[in-house]
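Trainee: Residues per chain, in single letters:
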Amino acid sequence: MNTEELIEVQERWNIPYRHSAGRFASRFLIALRDEKKVYGVRCPRCKRVLVPPRPFCERCFVQCTEWVGVSDKGTLEGFTISYQAYVGLPTPPYASGLIKLDGADTALMHFVGGVDLSDPQKAKKAVKIGMRVEAVWKEERLGHILDIEHFRPVQK
Amino acid sequence: MPRRVALVGVGLTKTANRRKDITYPELTFEAVNNALSFTHLKPEDIDAVVYGSMDPFDGLSCPEKWNVDSCASAGVLNKPLMKISTGGTTGGSTALAGYYNVASGLFDVVLAVASQRVGETIDAQQVLNTCLEPCYERPFGFGAIMIAAMQATSHMHYYGTTEEDLARVAVQNHEHALNNPHAHLRFKLTIEEALKTRMISWPLKLADCCPSSDGACALIFASEEKAEKITSTPAWIKGAGQITDGYYLGDRTWYHEWDTLATLARRVYKSAKIYNPFKEIDVAEVYTAFSIQQILEYEALGFCEKGEGGKLLASGATSMNGSLPVCPSGSVICTNPIGASGLIRVGEAALQVMGKAEGRQVPNVKLALAHAWGATIGFHTLMILSKEKP
Amino acid sequence: MAISRQAFAQKEEECPESKKLRCPIFTPCDGEAKAMSKRVAIVGIGQTKHEGSKPRQIYDEVVFEATKRALEDVGLDRGDIDTVVVSGWDVNDGRTISDMYVAPASGGYFKDSSKTAEEGIFALAYAYLRIASGLFDTALVTGHGHAESPFELISNKVFDPFFVRPLGISSITTLALQANAYVNKYGITEEQAARVVVKNRGNGVNNPYAHLRREVSQRGALNSKVVSLPLRALDCPPQSVGAVALVLASEDVIKKIAVSKNIAWVTGIGWATHTYHMDAADLTHVSALEKAAEVAYKMAGVRDPIKEIDVAEVHDITSYHELMAYEALGIAKPGQGGKVIDSGATDIGGELPVNPSGGVLCTNLHSGSGLLRAAEAALQVMGRAEKRQVPGVKRALAHGISAPAGAIAASHAVIVLEKE
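Protein chains in written order, with the numbering used here: chain H, 32 to 187; chain G, 10 to 399; chain S, -18 to 401.
These aren't lab readings, by the way, just hints derived from the structure by calculation. The reader is advised that the hints may include incorrect statements.
Using 20 Å as the maximum straight-line C-alpha spacing, the simulated EDC-like pairs for lysine to aspartate or glutamate come out as follows [unchecked claim]:
(1) Lys279(S) x Asp117(G)
(2) Lys29(G) x Asp141(S)
(3) Lys242(S) x Asp260(S)
(4) Lys279(G) x Glu397(G)
(5) Lys206(S) x Asp141(S)
(6) Lys104(H) x Asp150(H)
(7) Lys29(G) x Glu171(H)
(8) Lys159(H) x Glu172(G)
(9) Lys51(G) x Asp30(G)
(10) Lys375(S) x Glu289(S)
(11) Lys131(H) x Glu237(G)
(12) Lys279(S) x Asp56(G)
(13) Lys29(G) x Glu36(H)
(14) Lys153(H) x Glu172(G)
(15) Lys51(G) x Glu237(G)
(16) Lys68(H) x Glu171(H)
(17) Lys155(H) x Glu173(G)
(18) Lys187(H) x Asp133(H)
(19) Lys320(S) x Glu171(S)
(20) Lys398(G) x Glu237(G)
(21) Lys156(H) x Glu173(G)
(22) Lys29(G) x Asp133(H)
(23) Lys29(G) x Glu42(H)
(24) Lys153(H) x Glu173(G)
(25) Lys78(H) x Asp233(S)
(26) Lys320(G) x Glu237(G)
(27) Lys155(H) x Glu172(G)
(28) Lys288(G) x Glu314(G)
(29) Lys104(H) x Glu172(G)
(30) Lys78(H) x Asp260(G)
(31) Lys320(S) x Asp285(S)
(32) Lys156(H) x Glu172(G)
(33) Lys205(G) x Asp150(H)
The structure presented is a predicted model; accordingly, all values stated were derived computationally and were not measured.
This is chain H alone, in the form it adopts within the complex (with noise of 0.2 Å):
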């Protein structure tokens, strides 16, 4: 009997999930689907609008309940490019960052797109924290975060 030998068994996991999105996220979803427009929430306690919507605040840890609209364009606060393939995740290159959109106090995560990202030396010029950018609105749109395509840096 050959000792050596070592198995090894494959497998790949299938669990279906459902996840309820709630009246917040469903709202948020469906007035991007709907109005094109992106809302928040405003904490009754520290007054910060809070992109993306949530039931409540974490940190003054009271119900929100007001709707804020907030505008489509916005700064870019932190991002990356990444260059790897992984399992399952979007095809590289792609950058993903947290844009702070004009009257909102966090920042939605999303993809910066509409620049050239093949080279990692020319990507990073084109793309800085701090520049300003807006929303691509796709046309067929689903309820889904991503009936925004992603934000591009802002035409001049």
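Add chains G and S to chain H, keeping to what the hints say.
Mentor: This is chains G and S only, laid out in the frame that chain H set:
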């Protein structure tokens, strides 16, 4: 007044991308067995167990179940066992749970075990992506690497940190790992080589990133009375704590500083009566999964001013011959069995205090710090270990 | 390299929230360190209405709602809490590092918080340890249940990929294996199991928070579909969405904050786990529960549980398991679980009512059911259980099981709560 608690035993394993030679329970057994031999204790001497892992990096849900009897026969002996899981800080949280188990007065000798087989998952980033909110943040391809890359782009933007500074972190840790037989990546790396590795997530290159490792760690905590019977070199717990930041990545856009860690450090230093950490701490084992993080850790832990982490490293102050050696083990950037990595940091700090760190020993360690970060960089744990009884 | 003043000493203004917080201060011992464990009590309770689904609420809002109620129950603010311990199984929740959401929803933002990846009663145990150490005074503990994933499929992933997983074993099959072994050894009848169902579902009618609030008849229980022999559909719990939160406090703090009717002292606590190998243990003998009870009884000074405990909330993961729990908890002698249910001793009005809340057969929060048992037992001790109140409760017992793999390697916890 809380009980005095000491770390009396450390059990490490061989680490590698794949430990194809053994099954998961055998890996856990290896760590536990090493900790038991370290202390000359038997499974019956263990009053309670805390087990840490981050699900489902091993292709298992709740691996504590399959591993239960590797934890000093906890299942067959019907021992109290508690599973802890807090992302990357799991190991640090498991150490804290071990500590509180003894400090509570309910138990005298407690085994803390953490194990992980990251190598069994084909791509850990896909698992990490599932920690993000499915309605808002999941589609953007974020895993731990991208968040660390965002820390790096911000630090470069605000403080002028360079790709060379990042490479220097990798180089120093690889140099340290050469002294550590339990490290996974053990090869000499130069700055030029590090800079030439392929781009993963701008500005992090392959050399800036941790590997996926299979590995485990087991520690034994004991009450004062028991500790002094078990060993002549206990590592006393002088301070400990953890902190949890809010969920949303976009709620904290100041990625160039780690204010969560700074806040925790302030709390723990205050309780441990540490006033000048750079002078008072003799060695620090911080959780550097990505090169940029060690720079941020220096700054948040008060080893230097904000924005000066790169300079501190370049000065040699944190090398083996410096005044505050950081990560003689080579840190997480050389070995990352995720859920166990935080516990390994505590174990390495304890070995330094005990004077048993062999080839990676820093001379005359009286006070050591162990750190871990987790989640989307919002969780931290700290533990301060001391040679002198607190 | 010049290191100037401490860079870590940031101005408090940079984190305005932390001002309100009472940082847990680690106090190193000086002098004699022969510390006694601090006394700990449950002082605040909050739970949501438990339902089959909650499409109007996103994941963490359910936990927020229960937490908010627990804080209001004791008149405290998030800022008064020293430490937060949450619970749950990430794969079930479909969120890796689920405490990223659940800890802030439990009031944990910028606090010293941790997670037991167990049934919520273990979060209570961990919070107990933290307060007993004297290092923390107040704690918030939460447990939750969601029905967003296939529980049995995920349960199958708890098993090793070589020997057991390929056989399609999951929680329900192991519980059925155990129940069948119990039936075969002691001649427990289907009618006796059905009687547990009738009792608990009947009790659930009195509980406004319960998920299933419809009585079932003995015939209805016996005619329900066989799921996994000997378990029928009504012998098994539903999958419920909801959350429960408890505020724990040390004796020192209680003197300052709590009113007397809102205290349930933890006088006994114990937990223990089973082996992974099904063949290595007698399936009919729940040794881990026996061990957990032994430890908790010893601590609380309980010698004769039937006489000395006034009400029990046990984790009836199936109706058969309630009978097995009677035996392990010393309410029945070995093999006599069926006789005890037949005698009516565990009915409301019996010598030791079990599950006046309706138990897990009416409300099953995966990873929150055990903590809910503790909450219900505490309500009984406080005399606040309303229509489901057992009169004159001085001492109550709560039992929870951390059982993502069903009977295999299950961990049991027992908590004794008292008025004085």
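Trainee: Determine for every hint whether it applies to the structure shown.
Mentor: Hints, verified against the model:
{"no.": "1", "hint": "Lys279(S) x Asp117(G)", "result": "holds (17 Å)"}
{"no.": "2", "hint": "Lys29(G) x Asp141(S)", "result": "holds (15 Å)"}
{"no.": "3", "hint": "Lys242(S) x Asp260(S)", "result": "violated (48 Å)"}
{"no.": "4", "hint": "Lys279(G) x Glu397(G)", "result": "holds (18 Å)"}
{"no.": "5", "hint": "Lys206(S) x Asp141(S)", "result": "violated (30 Å)"}
{"no.": "6", "hint": "Lys104(H) x Asp150(H)", "result": "violated (26 Å)"}
{"no.": "7", "hint": "Lys29(G) x Glu171(H)", "result": "violated (49 Å)"}
{"no.": "8", "hint": "Lys159(H) x Glu172(G)", "result": "holds (16 Å)"}
{"no.": "9", "hint": "Lys51(G) x Asp30(G)", "result": "violated (26 Å)"}
{"no.": "10", "hint": "Lys375(S) x Glu289(S)", "result": "holds (9 Å)"}
{"no.": "11", "hint": "Lys131(H) x Glu237(G)", "result": "violated (56 Å)"}
{"no.": "12", "hint": "Lys279(S) x Asp56(G)", "result": "holds (16 Å)"}
{"no.": "13", "hint": "Lys29(G) x Glu36(H)", "result": "holds (10 Å)"}
{"no.": "14", "hint": "Lys153(H) x Glu172(G)", "result": "holds (15 Å)"}
{"no.": "15", "hint": "Lys51(G) x Glu237(G)", "result": "holds (17 Å)"}
{"no.": "16", "hint": "Lys68(H) x Glu171(H)", "result": "holds (14 Å)"}
{"no.": "17", "hint": "Lys155(H) x Glu173(G)", "result": "holds (16 Å)"}
{"no.": "18", "hint": "Lys187(H) x Asp133(H)", "result": "holds (17 Å)"}
{"no.": "19", "hint": "Lys320(S) x Glu171(S)", "result": "holds (13 Å)"}
{"no.": "20", "hint": "Lys398(G) x Glu237(G)", "result": "holds (11 Å)"}
{"no.": "21", "hint": "Lys156(H) x Glu173(G)", "result": "holds (18 Å)"}
{"no.": "22", "hint": "Lys29(G) x Asp133(H)", "result": "violated (53 Å)"}
{"no.": "23", "hint": "Lys29(G) x Glu42(H)", "result": "holds (16 Å)"}
{"no.": "24", "hint": "Lys153(H) x Glu173(G)", "result": "holds (18 Å)"}
{"no.": "25", "hint": "Lys78(H) x Asp233(S)", "result": "violated (36 Å)"}
{"no.": "26", "hint": "Lys320(G) x Glu237(G)", "result": "violated (42 Å)"}
{"no.": "27", "hint": "Lys155(H) x Glu172(G)", "result": "holds (12 Å)"}
{"no.": "28", "hint": "Lys288(G) x Glu314(G)", "result": "holds (14 Å)"}
{"no.": "29", "hint": "Lys104(H) x Glu172(G)", "result": "violated (31 Å)"}
{"no.": "30", "hint": "Lys78(H) x Asp260(G)", "result": "holds (14 Å)"}
{"no.": "31", "hint": "Lys320(S) x Asp285(S)", "result": "holds (18 Å)"}
{"no.": "32", "hint": "Lys156(H) x Glu172(G)", "result": "holds (15 Å)"}
{"no.": "33", "hint": "Lys205(G) x Asp150(H)", "result": "holds (15 Å)"}
The structure does not agree with the numbered hints 3, 5, 6, 7, 9, 11, 22, 25, 26 and 29 stated previously, though it agrees with the rest.
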